[in-house]
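K.L.:
Each chain, letter by letter, is given below.
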Amino acid sequence: MDLELQKRIKELADKNKQEKPIMIIGSADAEGAGIVAETVSIGDPSYAGPLTGVQLGLLVYHIIEPEVKKEINPQLYKEKVEIMEMVLDVESIIKEMREIREKGSG
Amino acid sequence: MLLGKKVIALGERDGIPGEVIAECAKSAGAEIIFASTECFV
Numbered sequence: 002m003d004l005e006l007q008k009r010i011k012e013l014a015d016k017n018k019q020e021k022p023i024m025i026i027g028s029a030d031a032e033g034a035g036i037v038a039e040t041v042s043i044g045d046p047s048y049a050g051p052l053t054g055v056q057l058g059l060l061v062y063h064i065i066e067p068e069v070k071k072e073i074n075p076q077l078y079k080e081k082v083e084i085m086e087m088v089l090d091v092e093s094i095i096k097e098m099r100e101i102r103e104k105g106s107g
Numbered sequence: 304m305l306l307g308k309k310v311i312a313l314g315e316r317d318g319i320p321g322e323v324i325a326e327c328a329k330s331a332g333a334e335i336i337f338a339s340t341e342c343f344v
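Protein chains in written order, with our numbering: chain L, 2 to 107; chain Y, 304 to 344.
Calculated directly from the structure, the hints in this document are not laboratory data. Just so it is clear, the structure is predicted and the values come from calculations on it, not from any experiment. Hints are supplied without guarantee of correctness; some may be wrong.
[Unchecked claim] Sample of chain L residues lacking proximity to chain Y, with all beta carbon distances greater than 10 angstroms (derived):
(1) Lys8
(2) Ile43
(3) Pro51
(4) Gly58
(5) Tyr78
(6) Met87
(7) Ser93
(8) Arg102
(9) Lys104
[Unchecked claim] Covered stretches of chain Y, as calculated for chain L (at least 3 residues, CB under 8 angstroms):
(10) 313-324
(11) 328-338
Glycine included, every Cβ here is placed at the ideal spot set by N, Cα and C.
Make a model of the complete structure from these sequences and hints.
P.N.:
Given below as structure tokens:
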């Protein structure tokens, strides 16, 4: 995950400590989704960026996860997300995201 | 889950863009505090 982006996310999380933001991501694959989710919940797994050793504990969901999808305007989801959902490995992404949430958020 | 919550929308160029995530989260009643589309390669 980009170092500048890590810095920006850290600032946002620090600024909103009272009410932790939820992160919603749109990664194209489970591995990429997992790296982003791990970085902002447990800390940077590459040990290179500002989030190394920093447990922000953000709750991260992928937009195609049922918990998020069910709350989005169905027409909008159909128009803008469904076409991508069809080509993504939904099962792997959901599995990866759940594992990271179990490990990291708090 | 999203109603009234602050949301960071982080899209990916080869996946779902940040602006789309933001628009979708807004439709669920979330407040978008940051939206971006990255290329994680």
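K.L.:
Which earlier hints can't be squared with this structure?
P.N.:
Failing hint: just 5.
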